[in-house]
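Protein chains in written order, with our numbering: chain Y, 40 to 282; chain B, 40 to 282; chain Z, 40 to 282.
Be aware that one or more of the hints could be misleading.
Copies of the same chain look alike in the list, so a pair counts if it fits in one copy or across any two.
Listed below are the simulated SDA-like cross-link pairs for lysine to any residue, each with C-alpha atoms no more than 25 Å apart in a straight line [claimed, not checked]: (1) Lys126 / Ser188; (2) Lys121 / Arg242; (3) Lys182 / Glu44; (4) Lys121 / His190; (5) Lys182 / Arg58; (6) Lys137 / Met231; (7) Lys121 / Glu48; (8) Lys160 / Lys251; (9) Lys121 / Arg246; (10) Lys121 / Arg42; (11) Lys251 / Arg49; (12) Lys137 / Arg229; (13) Lys160 / Ile256; (14) Lys126 / Tyr201; (15) Lys135 / Leu46.
Quick caveat, the hints were computed from the structure, so don't treat them as lab data.
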Amino acid sequence: MFRSEILAERMHDVIEAARAIVNEARISLQERGLELKAINSASVAMVSLRIDASAFELYQVTPGEIGIDLVRLEDALSSAGKSELVKMELLEDERKLKIRIGSLSYTLGLIDPGTLQREPKIPELDLPASVTIPGAELRRAIKASELVSDHVVLGVRDDVFYMDARGDVDTLSFTMPSSELLDMKPGEARSMFSLEYLSAMSRVFGRAPAVKLEIGIDYPLQISFWLNEAHVSYLLAPRIEEE
Amino acid sequence: MFRSEILAERMHDVIEAARAIVNEARISLQERGLELKAINSASVAMVSLRIDASAFELYQVTPGEIGIDLVRLEDALSSAGKSELVKMELLEDERKLKIRIGSLSYTLGLIDPGTLQREPKIPELDLPASVTIPGAELRRAIKASELVSDHVVLGVRDDVFYMDARGDVDTLSFTMPSSELLDMKPGEARSMFSLEYLSAMSRVFGRAPAVKLEIGIDYPLQISFWLNEAHVSYLLAPRIEEE
Amino acid sequence: MFRSEILAERMHDVIEAARAIVNEARISLQERGLELKAINSASVAMVSLRIDASAFELYQVTPGEIGIDLVRLEDALSSAGKSELVKMELLEDERKLKIRIGSLSYTLGLIDPGTLQREPKIPELDLPASVTIPGAELRRAIKASELVSDHVVLGVRDDVFYMDARGDVDTLSFTMPSSELLDMKPGEARSMFSLEYLSAMSRVFGRAPAVKLEIGIDYPLQISFWLNEAHVSYLLAPRIEEE
Numbered sequence: 040m041f042r043s044e045i046l047a048e049r050m051h052d053v054i055e056a057a058r059a060i061v062n063e064a065r066i067s068l069q070e071r072g073l074e075l076k077a078i079n080s081a082s083v084a085m086v087s088l089r090i091d092a093s094a095f096e097l098y099q100v101t102p103g104e105i106g107i108d109l110v111r112l113e114d115a116l117s118s119a120g121k122s123e124l125v126k127m128e129l130l131e132d133e134r135k136l137k138i139r140i141g142s143l144s145y146t147l148g149l150i151d152p153g154t155l156q157r158e159p160k161i162p163e164l165d166l167p168a169s170v171t172i173p174g175a176e177l178r179r180a181i182k183a184s185e186l187v188s189d190h191v192v193l194g195v196r197d198d199v200f201y202m203d204a205r206g207d208v209d210t211l212s213f214t215m216p217s218s219e220l221l222d223m224k225p226g227e228a229r230s231m232f233s234l235e236y237l238s239a240m241s242r243v244f245g246r247a248p249a250v251k252l253e254i255g256i257d258y259p260l261q262i263s264f265w266l267n268e269a270h271v272s273y274l275l276a277p278r279i280e281e282e
Numbered sequence: 040m041f042r043s044e045i046l047a048e049r050m051h052d053v054i055e056a057a058r059a060i061v062n063e064a065r066i067s068l069q070e071r072g073l074e075l076k077a078i079n080s081a082s083v084a085m086v087s088l089r090i091d092a093s094a095f096e097l098y099q100v101t102p103g104e105i106g107i108d109l110v111r112l113e114d115a116l117s118s119a120g121k122s123e124l125v126k127m128e129l130l131e132d133e134r135k136l137k138i139r140i141g142s143l144s145y146t147l148g149l150i151d152p153g154t155l156q157r158e159p160k161i162p163e164l165d166l167p168a169s170v171t172i173p174g175a176e177l178r179r180a181i182k183a184s185e186l187v188s189d190h191v192v193l194g195v196r197d198d199v200f201y202m203d204a205r206g207d208v209d210t211l212s213f214t215m216p217s218s219e220l221l222d223m224k225p226g227e228a229r230s231m232f233s234l235e236y237l238s239a240m241s242r243v244f245g246r247a248p249a250v251k252l253e254i255g256i257d258y259p260l261q262i263s264f265w266l267n268e269a270h271v272s273y274l275l276a277p278r279i280e281e282e
Numbered sequence: 040m041f042r043s044e045i046l047a048e049r050m051h052d053v054i055e056a057a058r059a060i061v062n063e064a065r066i067s068l069q070e071r072g073l074e075l076k077a078i079n080s081a082s083v084a085m086v087s088l089r090i091d092a093s094a095f096e097l098y099q100v101t102p103g104e105i106g107i108d109l110v111r112l113e114d115a116l117s118s119a120g121k122s123e124l125v126k127m128e129l130l131e132d133e134r135k136l137k138i139r140i141g142s143l144s145y146t147l148g149l150i151d152p153g154t155l156q157r158e159p160k161i162p163e164l165d166l167p168a169s170v171t172i173p174g175a176e177l178r179r180a181i182k183a184s185e186l187v188s189d190h191v192v193l194g195v196r197d198d199v200f201y202m203d204a205r206g207d208v209d210t211l212s213f214t215m216p217s218s219e220l221l222d223m224k225p226g227e228a229r230s231m232f233s234l235e236y237l238s239a240m241s242r243v244f245g246r247a248p249a250v251k252l253e254i255g256i257d258y259p260l261q262i263s264f265w266l267n268e269a270h271v272s273y274l275l276a277p278r279i280e281e282e
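Full structure from sequences and hints, please.
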């Protein structure tokens with residue numbers, strides 16, 4: 040059983056955050072809220088997100104799991120104004136999700152969770168350095184990096200967070216000392232990442248007031264942030280540096 | 040003889056309403072105003088519109104008929120700001136229409152009306168049910184329907200107006216009880232229509248405060264509304280339902 | 040040596056004005072400011088522009104010349120907000136230009152000026168007629184002309200400036216008497232120009248409050264204007280009229 044009511048923009052945040060990584064996913068319906076964990080088909084990027092029951096205007100659930108096409112769900116939500124109420128109800132017998140927005144009523148066919156990828160085990164990493172930075176600044180640096188390269192090095196050096204992109208001719212570097220960061224745990228860190236994934240993720244976290252990056256040495260990058268009422272965490276595998 | 044002055048947005052409304060159906064048309068120049076009746080090449084959708092002489096700042100005419108390329112006329116009007124005055128004058132001998140907008144002066148070649156389709160006879164239908172609804176609501180329902188199907192069923196059942204779209208997996212329904220409609224004439228009605236035409240029309244009537252739908256059983260749909268000073272009426276043939 | 044600081048929008052104006060004509064250019068670094076002269080590859084359009092040292096917040100230079108890819112420079116500037124400060128510094132030994140925008144730092148590879156076209160000699164023309172007109176009006180007339188043709192005649196006749204575009208069927212003319220122009224030097228003038236170039240230039244001068252056109256008889260057109268702190272002058276070769 041699942042019945043809920045939530046502001047459209049809150050639900051939209053959750054779906055958009057997942058869509059940066061996958062198009063279909065299992066959603067775990069828990070008493071404490073909705074949870075989604077997924078890994079992309081190339082096994083390079085993972086997302087783990089949850090939205091608490093308290094973010095809903097109405098939230099009633101018998102714990103369970105559904106499989107859903109996120110693209111169709113996003114399409115349905117696109118009919119709603121930002122602060123319009125979205126009412127969702129699981130039609131268990133028919134394997135459908137009913138979505139009401141004003142006078143509109145969608146019935147979305149669900150996907151058998153057994154046919155979807157298993158919920159990935161998200162490793163608990165203890166990364167040596169971390170920085171917290173406004174999402175808009177990070178998005179700007181990523182967009183600027185895309186102008187010169189398709190990959191980027193993130194690191195920490197002497198209390199300074201840096202992002203370096205190196206093209207054949209031009210280079211871009213972004214640096215921010217700890218005094219300008221929202222928060223920092225200094226430590227040795229330097230890893231290279233594909234901009235393709237960072238760019239897709241930055242469209243989501245660019246709207247977050249604070250984004251925490253946890254970085255290691257040639258190690259995965261952990262990106263975590265709150266988007267209104269949703270907590271999102273991405274994990275991105277490093278590229279091997281050849282030079 | 041035809042000389043007129045009108046606010047650009049009023050003329051634009053008329054042309055846009057016709058363009059949902061045809062690209063070229065005969066315009067009838069009458070003392071009471073301009074009139075246009077046309078049917079699309081597949082003979083599925085008709086438009087009948089008129090704009091009264093009183094909507095013009097200046098209106099002088101000797102009754103007659105001109106044939107015009109609506110796309111070129113719309114292009115010319117696109118140079119004008121919304122509340123700019125558009126001055127039109129028929130150059131009979133040259134078979135041209137002169138259009139002045141500020142310091143700009145277009146001369147559009149006219150089309151011999153004899154080479155265009157005859158003005159269609161628009162049937163007078165006495166449809167069993169009708170509903171009146173804000174254009175924006177109707178447009179939203181049509182856009183939502185397009186996400187799941189390419190056709191839609193419109194009908195009235197027990198004082199409720201409904202629109203149903205049925206895809207292979209997902210469905211969308213829009214329902215509005217008479218208490219929320221601007222007006223209703225209850226009656227048995229249920230017909231299926233192609234969303235392709237409804238979608239083009241909805242770009243026009245989406246801006247109308249009130250749109251009247253007249254519906255029958257497997258019968259054409261009549262859509263009528265005022266767009267500022269122009270009165271527009273569409274007639275759309277039903278699709279035959281196979282199920 | 041070259042070190043400077045300037046508001047992003049001022050630098051953007053200069054680059055955009057040059058980009059209407061060329062993608063790569065020599066920039067002359069002078070004590071009085073930056074200068075750029077270039078001719079397009081078809082030798083039809085020339086640009087000559089300068090931005091005075093006084094338009095910069097900081098300007099330090101040893102006179103010299105650099106070759107630069109304007110597209111990459113424009114890309115780098117696109118990261119900056121309009122009123123953000125752009126800091127530029129020439130790294131002579133590395134043949135690079137360093138550009139700082141907030142926490143971002145680009146290093147753009149320069150082009151050996153010797154491999155670029157020579158700075159063209161811009162002829163001093165003494166054209167018989169000239170008109171000065173708001174850039175937005177001129178841009179509107181050029182956009183309207185594009186709807187009917189790919190070339191246009193500019194001229195002056197009896198104290199009236201005119202622009203005529205003639206398509207196969209439709210025509211567009213723009214006329215403005217001296218009383219409505221910002222300034223006029225009457226004289227006999229009538230030349231035809233390709234709209235392709237005028238259109239690209241008009242995206243730039245469309246934002247200028249006053250654009251001066253100097254016209255002759257089947258002679259090049261000189262277009263000059265201030266864009267904030269930059270002075271821009273275009274020279275456009277006439278098309279030969281066949282009729």
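Against the structure, the hints come out as follows:
1. Lys126 / Ser188: between (43 Å within a copy, 22 Å between copies)
2. Lys121 / Arg242: both (18 Å within a copy, 22 Å between copies)
3. Lys182 / Glu44: The answer is between: 23 Å across copies meets 25 Å, while 36 Å in one copy does not.
4. Lys121 / His190: neither (34 Å within a copy, 28 Å between copies)
5. Lys182 / Arg58: Answer is both; intra-copy 19 Å and inter-copy 22 Å each pass.
6. Lys137 / Met231: between (43 Å within a copy, 23 Å between copies)
7. Lys121 / Glu48: Classified as within: same-chain Cα gap 5 Å, cross-chain 30 Å, threshold 25 Å.
8. Lys160 / Lys251: Answer is within: at 21 Å inside a copy they meet the 25 Å cutoff, but 56 Å across does not.
9. Lys121 / Arg246: both (15 Å within a copy, 20 Å between copies)
10. Lys121 / Arg42: within (20 Å within a copy, 47 Å between copies)
11. Lys251 / Arg49: within (21 Å within a copy, 35 Å between copies)
12. Lys137 / Arg229: between (47 Å within a copy, 24 Å between copies)
13. Lys160 / Ile256: within (22 Å within a copy, 56 Å between copies)
14. Lys126 / Tyr201: between (44 Å within a copy, 19 Å between copies)
15. Lys135 / Leu46: within (21 Å within a copy, 51 Å between copies)
Hint violations for this structure: number 4 only, all remaining hints satisfied.
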